[in-house]
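Engineer: As a plain string of letters, each chain reads:
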Amino acid sequence: MTATASETLALEVRDLEVNFVSGETVTYVLEGVSLDVRQGEAVGIVGESGSGKSVFARTILGIRPRGSVVDIHGSIRVAGADQLAATDAEIRSRAGDLASMIYQDPMSSLNPTVRVWRQIVEAITNRRRVRRDDARAQAVELLRSVGVPDPEARAMAYPGEFSGGMLQRVGIAAAIASHPDLLLADEPTTALDVTVQRRVLDLLDDVRAASGMGLVLVTHDLGLLADRTDRTVVMYAGRIMETGPTGIVASTPAHPYTRGLLAAIPRLSGPIQRELPAIGGSLPPLSAPRAGCPFAARCPVVQERCFTERPPAVTVADGHTAHCWAVADDQEASR
Amino acid sequence: MTLATRAPADAPAPAPAPAAASAAAPHASAGVAAAVRATRRRRRADATATTVAAVWLAVLAVLTLVSIATPLLDPYFQDFTAAKLGPSLAHPFGTDGNGRDVFARTVAGAQNSLVVAVITLAVGAVGGTLIGVAAGYFRGALDNVIGFLIDVVLAVPALILIITIVSFRGPSIVSIGSTIGLLMVPAFARVTRSIALTVRERDYVKAALLIDTPTPRILVRSVLPAVAPALVSYAFTAMTAAIVAEGSLSFLGYGLAAPAPSWGGIIAEGRSDLATAPWITLAPAFALAATVMAITTIGERVKERYS
Amino acid sequence: MTESTIAAEDIPVLEVTDLEVRFGSGGATVYAVNGVSLSMRAGETLALVGESGSGKSTIAKAVVGLVEPAAGEVLLRGRTQAAQRVHRDKATRADIQMVFQNPVGSLNPFMTVEQNIAEPLRNRGVGKAERGARVRELLDMVGLDADTVGARRPGQISGGQAQRVSIARALATEPAVLIADEAVSALDVSVQATVLNVLRRIVDQQNVAMLFISHDLAVVRNVSDTVAVLHLGQLCEIGPTEAVLSAPAHHYTAALRAAVPEPGVPLGDPGMTDADPPSPRIKPTGCSFRDRCLAATALCAAERPALTMVGPDRGVACHHPLERAARAADPVPSTLGAPA
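Protein chains in written order, with this note's numbering: chain H, 1 to 335; chain P, 1 to 307; chain F, 1 to 340.
Just so you know, the hints here were simulated from the structure itself, not pulled from any lab data. Don't be surprised by glycine CBs; every beta carbon is placed ideally from N, CA and C. Treat each hint with caution, since some may be false.
[Said to hold, decoys possible] Keeping only pairs whose Cα atoms sit at most 30 Å apart, straight-line, the calculated DSBU-like set for lysine-lysine is: (1) F:K283 - F:K61; (2) P:K206 - P:K303; (3) F:K128 - P:K206; (4) F:K283 - P:K84.
[As the list claims (entries may be wrong)] Chain P regions said to be covered by chain F (calculated; three or more residues, Cβ under 8 Å): (5) 81-92; (6) 196-204; (7) 208-214.
Just chain H, with the same shape it has in the complex (with noise of 0.2 Å):
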């Protein structure tokens, strides 16, 4: 890696609002969300059923739902290149340079009826003639770095005859045969058994450690991320919530929902705790601008204008924010 590129970040993300238009129904999904990624950093993006983080990976990619018009504020620059600017021709030519994704289910994202080989080059070979031959030796040594077992073979497959963790690994195999500077993985694990979820990710880590590019690793689960990311940014209803060092945010949460949120999971080492501390109440509706903080409603240390006004970021340390009013209270007290 040049020094020039360390420079430019891998995304850039400024105050991102993305509204879904269905008939007269409006769902403001995200409301104003920044966030740095620098070459080679991995970060990892975690959030709960309706916290908006899928959809900011989709609108990263380009990728818009069915059915809906999408109405997008704010800045999205994946190594320096302007998202939003971009034609859906203009991102369509450059999907798998600039950024690449990998999916849930990756059955979902490859064709049944085609063969791994020609999936897994597809990136380079729709824009660049690429001998055939050379295409495939491409494919079976992607194929390899990835860890499947006889790539030579393998690669003459079908996406049915491959098991639930190999799938995940061709997926990454197409992701990264461009090399791409962002890489995205919405849930790459969530399908998958935990022994197996372990290895993929153990991959990831490693495509990531080979080849420099910037990873957002999309997760509901907190304890995936231990180790395996360098900054957690918690979301909440279109929010970000908190973001720091993952290390730091695992164990000295500021957030009070990130401090419910890692309460609530159960654990399989400290006493056992036959009463688990839920957090009560519910995600507030989408179907309108959430006006202050939107944990307000469930928030233990609430207070009035949590309900009118949107907390600001405060800095607790070095790399570590929290967008809360009692943060903030804390803070200047203890100035």
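On the provided structure of chain H, position chains P and F as indicated by the hints.
Structural biologist: Chains P and F in isolation, oriented as in the chain H frame:
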């Protein structure tokens, strides 16, 4: 500094004032507004089409009632001195070769065509749903037998079957309607069977088995409601098909026997005079096309509402 | 737990003996469950854990009678149950109830919440007025308010609420055995805790026996008294949950435990090979875990290990169990408490 602490439980939170919510909504932006406007425009266009369709069907219904209740519109009254007259105030659609009023015959034809369509639908939808739901829910041998019978019905050329049955039972409204209906049973059965097949694998049906719900109740409360939306949508399509089928049969001379009026029959009668008295053919043809379109339009709205 | 079992004069509420389940036939046969025996007492939660293909959900379906076993028996209070529930003794049908994985999908979408819960009562001929009162009581039991959610349809409530409604419906017939098949897997963490708390309370207060099926060891640890670890339809290890999870005797249990990610806790040594599990379409021989096991020997391929008792209530099916399993010395944590 102390924090205003609240119990974390399910206690209702002080709801944010609606004013605050809308104040925080300046980013309900131009894009959202434009998309909502576009939707509204489309909705208005749809609503207009539906209104026109409904008005057409209502006019047809009123005229049919008038023709049944009063002698004002007599489709059989012949006046050979007034044959093949062009449209006028006395005869809005003109007269045919026998001097009968084409308007009166078209209205009477509507009555016959629609009654045939309703009978067709009743036979096809009820029969098809019963068979399809039974096959899909119970599977096994029953499904195989029903599948075989459906294949047999589909293998016989429809026209030959209709002509055979109609010539045996006579060309009455009931026999024509039930025969076309019989031919629609396989289509309804296929639509409902495929849904019943998926519904029986749903967890809520398994749960119903575990709590000892009697089979008839599972069929009525779990399977039929799931089948209903597709059934209703398909019924509109089937109804238009029935109207067209009846028209075609009458046109070929296998429909209602002359002089009883039906749209297809009137069109057939006017065919030979198309060059000299086009109104005899055009009036019922327009009525038929308009009715089919009206039913299709309303069917689309119903389908949208269900899905 | 320990005392109660030693003193066990009481007949187990539910027993499963040498259960075998196969799907399909000929070359396409799937060997889903291959000789599993379990036993449960009232007020006790038995967890079945394992990865996909372990047969844990199939065991549940065999117990309620949704699938027919190829061999083995399901006994309710010592009495053999007919293979399929359609033929089952009507009096005992209500005794085993189940909560499914998909919260909204297991409720009838064409009925309200109240109607859904009233359905089993209606089927047993309970009168309308009594049904209404009982539905309120059941909703209250799972922490829901009849006036708020009672008239809504399943599509209008949250996943966590729907799962609690499912639990209320399952409890309507006062079953002796409640099966929770991945009942919290589809829920968000913050909601999952609420549902788990409801399940625990019901086991304690209603004295039902719960068969808790899950792939999540951390959830199982906090909810069950006993855990049975399954691999490809075979029982690897069974015993008091905390004892099994804190010092596994079977290599598979250890590997499974090592793979569970926890916030802030780096993963330990995988403790297994990279091999995929063998196909369930091949008739099992020897130990099903041997291809993935670091300690496997020729013996593991030749002979299926029998379940051997290695401590009080502690059984392991392994030719070379992990050494720390001189586990008579292993204290059973008192936090678990003995079931009533």
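Engineer: Compare the structure with each hint and give your call.
Structural biologist: Hints, one by one, checked against the model:
1. At roughly 21 Å between alpha-carbon atoms, F:K283 and F:K61 fall within 30 Å of each other, so this suggested pair holds.
2. Distance hint between P:K206 and P:K303 is fulfilled; the C-alpha atoms sit about 28 Å from each other, no more than 30 Å.
3. Between F:K128 and P:K206 the alpha-carbon distance is near 24 Å, which keeps this suggested pair within the 30 Å criterion.
4. In summary, the hint linking F:K283 to P:K84 is not supported, as the alpha carbons are separated by about 85 Å, beyond the 30 Å threshold.
5. Figure legend: the region 81-92 of chain P, annotated as covered by chain F; annotation inconsistent (0 residues with Cβ-Cβ distances under 8 Å, at least 3 required).
6. Restraint check on the region 196-204 of chain P versus chain F: 3 residues with Cβ-Cβ distances below 8 Å, three needed, restraint holds.
7. Counting residues of the region 208-214 of chain P whose CB lies closer than 8 Å to any CB of chain F gives 7, so the stated coverage by that chain holds, three being the minimum.
Hint compliance for this structure: hints 4, 5 are broken, all remaining hints hold.
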